[in-house]
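Undergrad: Generate coordinates for the entire structure from the input sequences, incorporating the hints supplied.
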Amino acid sequence: VEDFEKDNDLIILPVHLGANESDAVGKRVIYDSAHLIRKDCHRKGSISCYSFYPTKNMTTGEGGMICTDNKKFAEWAVKARHHGRGKAIGSADVEFISSKYNNTDIAAAIGLTQLKRIDWFNKRRDAHVKLYNKLLGGKWNGNHLYMIRVKNRDKFMKLMAKAGIGASIHFHPVHKMTAYKTAYDFVKLPVTDKVTQEIVSLPLFPSLTEEQIKFICKKVKETKLLI
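Residue numbers (the working numbering): 298 to 524.
To be clear, the hints were calculated from the coordinates, so they are not data collected in a lab. Note that beta-carbon positions come from the ideal geometry of N, C-alpha and C, so glycine has one too. Please note: incorrect hints may appear among the correct ones.
Claimed, not checked - Here are the in silico distance ranges between beta carbons for each label pair: (1) A424 with E519: 20 to 30 Å; (2) A389 with F512: 49 to 59 Å; (3) H469 with D337: 17 to 27 Å; (4) K397 with P470: 26 to 36 Å.
TA: Printed below as a string of structure tokens:
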């Protein structure tokens, strides 16, 4: 897109990890906002990419959305989502090679209904994070994932499973994955390697109850593995 190709300046791609908002700002910023969606979360002049995967804060079953107030980028994105063509179907010329990314009508209908409830979803998630922080002494701000760090993660995960708690692991380091580790075997990221062996995501979803969170925190503390 012209505004992002006219010079050699870097494009910044910050990630709102777990819905913890990135501080990066500027006209050449493209946010990975898969985890963060709430009113007024879009920053003027930027591009934000949202995910509507089933586990996200709102869903259409699959798919996503791009938001921008950059007119040139918006015009390009409308064409890019439909084979590089304009809005007209059939007679429209293919201006550049692209694929088909537009959502189905059924998925869009689900999304509109979800969007009406997004304030309630976020209100519930925010309350859950506040309670987790209070009970576990944390300072987490995001409301998509609630992540903690533990010693001996394998043992911790087994204890959580035994207690009937669906804890998860987010995320695995990319430079250690089969598709990348050969090409990037020279990469040394000791902090990443350490942290990705310690992080665990505790259950976090709107219908979670206060009693369930108290039970989870009680079991977490009983492990004596919390860092």
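Undergrad: All the hints need checking, so say for each whether the structure fits it.
TA: Evaluation of the provided hints:
With their beta carbons about 24 Å apart, A424 and E519 fall inside the hinted range of 20 to 30 Å. A hinted range of 49 to 59 Å for the beta carbons of A389 and F512 is consistent with their spacing of about 57 Å. Between H469 and D337 the C-beta distance comes to about 33 Å, which lies outside the given range of 17 to 27 Å. Hint check: K397 to P470, Cβ distance near 32 Å, so the stated range 26 to 36 Å holds.
Checked against the numbered hints given earlier, this structure breaks only hint 3.
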